[in-house]
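Sequence positions in the sequence shown follow the working numbering and run 831 to 1031.
Warning: the hint list may mix true and false statements.
Unchecked claim - Taking CB as the label site, the calculated pair distances span:
| no. | residue 1 | residue 2 | range |
| --- | --- | --- | --- |
| 1 | Val1017 | Glu957 | 19 to 27 Å |
| 2 | Gln904 | Val1017 | 45 to 53 Å |
| 3 | Val993 | Asn878 | 54 to 62 Å |
| 4 | Gln969 | Ala931 | 45 to 53 Å |
Said to hold, decoys possible - With a straight-line cut-off of 27 Å between C-alpha atoms, the simulated BS3-like cross-links for lysine-lysine are:
| no. | residue 1 | residue 2 |
| --- | --- | --- |
| 5 | Lys934 | Lys1001 |
| 6 | Lys898 | Lys885 |
| 7 | Lys934 | Lys946 |
| 8 | Lys942 | Lys917 |
| 9 | Lys935 | Lys946 |
| 10 | Lys942 | Lys889 |
| 11 | Lys1004 | Lys946 |
| 12 | Lys889 | Lys917 |
| 13 | Lys935 | Lys1001 |
| 14 | Lys885 | Lys917 |
I should point out that these hints are in silico values taken from the structure, not numbers from a laboratory. As the structure is a computational prediction, the values presented were derived from the model and not from experiment. Backbone N, C-alpha and C define an ideal beta-carbon position, used for all residues, glycine too.
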Amino acid sequence: DSSSPEAWREEARPWLLLIPAGPWKSGLESAAQLIEERESDRARSFRNQAEDLLKLARKNRSLGQQRKAKENLQQAARLGAREEVRKLLSQWDQEDIEANALRKKVDQCRSKGDLKACRQYLSTLLERYPSNDATVGVQFPVRINSSENTVMLIDGIQHALPVILEIPPFKTQKVVLERNARQAVYVITAEGPAELQLPAP
């Protein structure tokens, strides 16, 4: 019988009233209580599993593993956490909208040559949404210049100055400046200023 403990007790009430006190009546009441306790334990277990899955979804989202995060949410919804899943998805959708808007501003500033504003938007994007899809592949532009008749060597190839380097977040790039057969080596960081006037060799 798949009736709930409450329904079972309601249906059995007339019969339980007729049964005199004793082992039979005690056994029936104990059975109903046992069913109720098992139902409660099962519901509690489902809630705990759903909470663990929601935590795992947030962790995977923070690591940029969007597919795994969505799988976690689907499993949590099947365990009854539909409202929590709905709220979390709504929150993530809003974050995606805001992150994409920032990425659009980054690209617009870069295309206009406004490297300072571009880098400011990039910093905001990475600070607020470090693992969002909108941050994938972002690079910080740095304009490098030096004295006249100075060239830059990158992987052995000469480049006339000024040069705009694109450096991934938290990374560095080694460059070599050359002038009159003399060279100087510099390490450029993504976190530095938007424009650098480097001393000639």
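Hint check:
1. Val1017 / Glu957: 19 to 27 Å: Since the Cβ atoms of Val1017 and Glu957 sit about 24 Å apart, the hinted range of 19 to 27 Å holds.
2. Gln904 / Val1017: 45 to 53 Å: With a Cβ separation near 46 Å, Gln904 and Val1017 satisfy 45 to 53 Å, so the hint holds.
3. Val993 / Asn878: 54 to 62 Å: holds, 57 Å
4. Gln969 / Ala931: 45 to 53 Å: Given about 19 Å between the Cβ atoms, the range is violated.
5. Lys934 / Lys1001: holds, 23 Å
6. Lys898 / Lys885: Within the cut-off at roughly 12 Å; holds.
7. Lys934 / Lys946: Holds - the C-alpha atoms of Lys946 and Lys934 are around 15 Å apart, at most 27 Å.
8. Lys942 / Lys917: Answer violated: Lys942 to Lys917 is near 38 Å, above 27 Å.
9. Lys935 / Lys946: Within the cut-off at roughly 12 Å; holds.
10. Lys942 / Lys889: Measuring from Cα to Cα gives roughly 37 Å; hence the hint is violated.
11. Lys1004 / Lys946: Holds: Lys1004 and Lys946 sit about 21 Å apart, inside 27 Å.
12. Lys889 / Lys917: Roughly 16 Å between the alpha carbons, so the hint for Lys889 and Lys917 holds.
13. Lys935 / Lys1001: holds, 22 Å
14. Lys885 / Lys917: holds, 14 Å
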